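J.: These are the residues of each chain, in order.
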Amino acid sequence: MGYKTDYSRVQGLGTAGDGAHHWWLHRISAIAMIPLTLLFIFPFARTLGSGYDAMIATYSTFGHALVAVLFFLVGFWHLAMGLQVVIEDYVPHKPTRVALLLCNTLFNGTLAVAGILAVATILFRA
Amino acid sequence: MADVNRGNRPLSPHLSIYRLPLTAKLSILHRITGVGMVLAAVLIVWWFVAAVYSPEYFAAADWLLTSWLGTLVMVGSLWALWYHFCNGIRHLFWDAGRGFDLTKTQRNNWIVIGGSVVLTIITLIAA
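From first to last, the protein sequence lines are chains A and B.
Taking the numbering used here, the leading residue of the first sequence gets 1, the next gets one more, and so forth.
Taking the numbering used here, the leading residue of the second sequence gets 1, the next gets one more, and so forth.
With the rest of the complex left out, here is chain B (with noise of 0.2 angstroms):
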């Protein structure tokens, strides 16, 4: 190896003490809120199928989605699919090669988390 300064220079960020700025935590969100969306594709699917079956058993289903337990969940999947849903059409334009200089970058990062704000608010007016 010609590079005999191993020693001093600086190395690569190392997660453990590295302050992961906001496009980066945006970015790793993209994914937990992606895996998160399982269990309320479970729970529709489950809704669906006890349509199918009785009213009685969709009552049943119907009162589960819409309990206090049902309605965080619910809830709290709905900000993750509009978050997921700004956050891709971001990652749609990065995959075009467009928006990664610094400041648009730090611009979009707030209309993502804005954007997935003011969807969920909307879809709980419009429910």
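Next comes chain A alone, as it looks inside the complex (with noise of 0.2 angstroms):
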């Protein structure tokens, strides 16, 4: 306890310590995505079910390779930081929430990289 008051001890931690940081992220990513998700979607949208030439066409020029890779970048980091809210508001078991919470990570994590990495893989082949 030491000479800590009670107030003092708990003062600026909120629920989980960093809500406001987490908060202030998912909102800038947010915006980050509005630009994205319209330069991303129309491209992906004509290429899908065009073949492999087409594909490999679109995606080895810079420039949609570059707004696919942040597409992917920023796109899996809002999707993890919305996933863990709803983690956090729907599980109450801690156990399985943490378990939960480590597994959401990993999944976007791995997601994230492996699309950025076939993008350039695509990019670079070219």
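Calculated directly from the structure, the hints in this document are not laboratory data.
These figures come from a predicted structure and were not determined experimentally.
Yeah, the Cβ is synthetic: ideal placement off N, Cα and C, and Gly gets one too.
Some hints here could point you the wrong way.
[Unchecked claim] What the simulated footprint calls covered on chain B by chain A, stretch by stretch (three residues with Cβ under 8 angstroms from a Cβ of chain A suffice, anywhere in the stretch; the number is not a length):
| hint | segment |
| --- | --- |
| 1 | 30–37 |
| 2 | 41–49 |
[What the hints assert, rightly or not] Think about it this way: if two alpha-carbon atoms lie no more than 25 angstroms apart in a straight line, the pair counts; the simulated SDA-like pairs of lysine to any residue are:
| hint | chain 1 | residue 1 | chain 2 | residue 2 |
| --- | --- | --- | --- | --- |
| 3 | A | K94 | B | I32 |
| 4 | B | K25 | B | I113 |
| 5 | B | K25 | A | Q84 |
[Unchecked claim] Reference excerpt, derived from the structure (chain A facing chain B, CB under 7 angstroms, subset only):
| hint | residue |
| --- | --- |
| 6 | I28 |
| 7 | T37 |
| 8 | G82 |
Could you use the hints to bring the two separately framed chains together as a complex?
T.: Next up, the structure:
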């Protein structure tokens, strides 16, 4: 306990210690996703179902590759933060919650790196 | 407690009997669409990774994503994306403390719904 009052021990901690920072990063990534969604979705929708050559032709272009990499990077970051909030809200059992939060981080991290690596490979191979 | 009238007071809305207004339904739909896009996210990354391996593997991934089941998932997720996009912009305005009065909220409900449908149709036409 020491000499600290109860108030000063908990001051600034919130429920998780860094909720405001998480909230703010979620908003920053949300704003970034507005142009990224508009730039990613139309070329992707056009390329889907157009065959291998069309796909390689699109994503071996620097601009399309850059948009795809940023879309995966910011998108999976935003998705991970959103799913984290959902898990924290609906899973009261702490061991399950911690396990799910760990899976969430690993899942989204792996998908982001896989997507970015795939686009980079297509770009550099061409 | 100074409040001795606890028994007669109206209580907060109980979700089981309270008919949620459209604004509340759209609010939970924001979460549902966000979580719902996970499947499409996995499929899209798989589609990109398949193109790294071989033209044959890519053809298989491309076929699955454009099959009737794949189309169902992708078009559903496309609408979910545009809904989350439109409603997300509204949430950013709410975060800035704007658009809270009842008339604006009820008008914006329909802008978000209409916007998501229009953007989905535009994307499908452009594809």
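J.: Now tell me, hint by hint, if it's right for this structure.
T.: Okay, the hints, checked on the actual structure:
Against chain A, the segment 30–37 of chain B contributes 4 residues with a C-beta closer than 8 angstroms to a partner C-beta. That satisfies the three-residue criterion, and the hint holds. Coverage of the segment 41–49 of chain B by chain A holds [criterion: at least 3 residues with CB-CB distance below 8 angstroms; count 7]. Taking the CA atoms of K94 (chain A) and I32 (chain B), the gap is near 23 angstroms; set against the 25 angstroms cutoff, the hint holds. The hinted pair formed by K25 (chain B) and I113 (chain B) meets the criterion: a straight-line CA distance of about 12 angstroms does not exceed 25 angstroms.
With a C-alpha separation of about 21 angstroms, the suggested pairing of K25 (chain B) with Q84 (chain A) holds against the 25 angstroms cut-off. This hint is violated: I28 (chain A) has a C-beta 11 angstroms from the nearest C-beta of chain B, more than the 7 angstroms allowed. About 6 angstroms separates the beta-carbon of T37 (chain A) from the nearest beta-carbon of chain B, less than 7 angstroms, and the hint is met. Here the hint on G82 (chain A) is kept, as its CB sits about 5 angstroms from the closest CB of chain B, short of 7 angstroms.
Violated hints amount to a single one, hint 6; each of the other numbered hints is respected by the structure.
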